[in-house]
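J.: Here is what each chain is made of, one letter per residue.
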Amino acid sequence: MQIYLPIAEMTVPAESILLLGTFVGFLSGVFGVGGGFLTTPFLIFMGLPPGIAVGTQSNQLVAASLSGVLAHFKKGNVDFKLGGVMLAGSLLGSVIGVMVFRLLQHMGQIEFAIPLLYVFFLGSMGLMMFYESLSAVLKKRDNDGDESSRLMHHKFFKALPYKMRFPRSKLYVSVLVPVAIGFFGGLLVSIMGIGGGFLLVPAMIYILGMPTILVAGTSLFQIMVTTIFATIMHAMTNHTVDLVLAALLIFGGVIGAQFGVKVSRKIKGSYARFLLASMLLIVCVKLAGDLFITPIELYNTEVE
Amino acid sequence: MPPVWVFLVVFVFMAVKPAYAVDSDLLTIGLADDSVQITTGFNGSRLTIFGMKREIGDVAIVVRGPERRITVRRKGQSFGMWRNVDDIRFRNVPSYYDFAVSGVERDIAPAILRNEYGIGVDSLRFDALGRRSEGEVKTFREALIRNKQVSGHFAVEPERVVFLSDKFFRVDFDIPANVPTGLYKITTYLLQEGRVVGQRQTDLRIGQVGTSARIYRFAHNDSMIYGIAAVLMALLAGWLADLFFRKE
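Residue numbers (my numbering), protein chains in the order written: chain E, 1 to 304; chain R, 1001 to 1248.
It is possible that part of the hints are untrue.
Claimed, not checked - Examples of chain E residues toward chain R, derived with CB under 8 Å:
no.: 1; residue: Gln2
no.: 2; residue: Met10
no.: 3; residue: Glu15
no.: 4; residue: Leu38
no.: 5; residue: Ile232
no.: 6; residue: Ala246
no.: 7; residue: Thr301
no.: 8; residue: Glu304
Stated by the list, open to error - Every beta carbon over 12 Å from chain R, so not counted as near; a handful from chain E, in silico:
no.: 9; residue: Ala136
no.: 10; residue: Phe184
no.: 11; residue: Thr212
Since the hints were derived computationally from the structure, they do not count as laboratory data. Fair warning: this is a prediction, and the values are worked out from it, not measured in the lab. Built from N, CA and C at the ideal position, the CB exists for glycine as well.
For reference, chain E alone in the conformation it holds in the complex (with noise of 0.2 Å):
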């Protein structure tokens, strides 16, 4: 069934978008990423402004992310006082972040910066998930405990000033650390329209070094509060969130999210991980094949 984006100003398949949406959901009901590495580059794939595709990919988040969040809270697994330190960092990351993706598409560079970033960003996560949840699987046991080889033991990370007391997580670490990543997140969901889910678990699980059954509902929820500040963003500023798409993601994602909860209790930590990263080598190997291919057609236009 053919239906009509009224802000995209053009017709879509509806039941891809759905499928797609269900696919993304259920991704971020197992892993605790928003999926939205998928739906962007998929979404420009099927002739979507990059613009659209990340202003509404911002508001499917929010949707994906308040099931998900729901669905850990019940459980406790949300760590509210450092979902809510990683804000501050994450809301002024998405304001530039927007700043950055105009700049981008005034030079006509928008279309090779989203790939070259999903790139670098897949890439680098994949490859380190990848090497650690398979040196974890291979070794037979779950690598949540070992903590000698998390960089937060790191000198740098113990020097660093306001340090502050985490209960919930169980952790003593200055706020700079847990800003700086809200703060990369912020800027992936207004640039590339991912809740960067891919880049904060393990950030969280490194870097922090918090407790695994924690990081996806925290994650989730500095993801939710972030992608509802950025979809009015966008709303406001470029007119880039289409109702009727954002909708059509959002069924499906729902729907998937809640069987992508009931996967993840039972997935061991590390094969999720394994599972996640071999996902984002795929997706990173595939564009970046698409940055060197020659393309058919050199030339492209774009309306004022």
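Dock chain R against chain E, hints included.
T.: What follows is chain R alone, placed relative to chain E:
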């Protein structure tokens, strides 16, 4: 009493007029629908034009969407990766262009005339902004047309003007699902021996209606409330989903 030269001028003008001036009374044009309405289920449409001509001759019909500024970008390789490296901006590019002729394009009117009246894609002229060589502008212009044809916004082949009798004709234009919105101009020409003798212009509104239009207006007129509404919809959906699935 006016001087004699006034009569002379008027007389000369009247004598010359049938040969050069364009007469709008020679053509009557009617649209099957006076607007193209884009609803949520819109998946393209058909625009039917009926016409009547009062003299012999060929007919050409041109459909033009509102003019836009368009940036054409060219990709090049840097570090092995393809990205936009050059661009030319064009003014006055019709956002949509389609046309129909009753005979073979080049037979019904010479190139000079087609260029003057903008009959046929090759006749379209856009103004390039900035100082660029003629060759570059030509290449970018061709790329612009090619891109617009691929997206279905520019005609590849003319539609046929079908004569229902000696005088009556009809044309069917296919409107794609991604049609740009705005006020369109439909111009019909009556051509005799390579000259335009009759011309008639009609307006056509292509725009969103119903729910679709309300969402569009909401987003542009009350953007903050629209953003908040979008967020509330998302929160409600997330909450309802949780409520619904909790029972299981």
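J.: Hints first: check each against the structure and report whether it holds.
T.: Verification of the supplied hints:
Using the Cβ-Cβ criterion of 8 Å, the hint placing Gln2 of chain E at the interface with chain R is satisfied: the shortest such distance is roughly 4 Å. Using the Cβ-Cβ criterion of 8 Å, the hint placing Met10 of chain E at the interface with chain R is satisfied: the shortest such distance is roughly 5 Å. For the restraint placing Glu15 of chain E at the interface with chain R, the shortest Cβ-Cβ distance is roughly 14 Å, beyond the 8 Å limit, so the hint is violated. Proximity of Leu38 of chain E to chain R is violated relative to the hint, the smallest CB-CB distance being about 18 Å (cut-off 8 Å).
Look at Ile232 of chain E: its Cβ gets to within about 4 Å of chain R, closer than 8 Å, so that hint holds up. Taken as an interface hint, Ala246 of chain E checks out: its beta carbon lies about 6 Å from the nearest beta carbon of chain R, inside 8 Å. The beta carbon of Thr301 of chain E comes within 5 Å of a beta carbon in chain R, closer than 8 Å, and the hint placing it at the interface holds. Restraint check, Glu304 of chain E versus chain R: the minimum CB separation of about 4 Å is within 8 Å; hint holds.
No beta-carbon of chain R comes within 12 Å of the beta-carbon of Ala136 of chain E; the shortest separation is about 31 Å. With a closest Cβ-Cβ approach of about 23 Å to chain R, Phe184 of chain E is found to remain outside the 12 Å limit, as its non-interface label requires. With 12 Å as the threshold on Cβ separation, the claim that Thr212 of chain E sits away from chain R holds: the shortest Cβ distance comes to roughly 23 Å.
Violated hints for the displayed structure, listed by number in ascending order: 3, 4.
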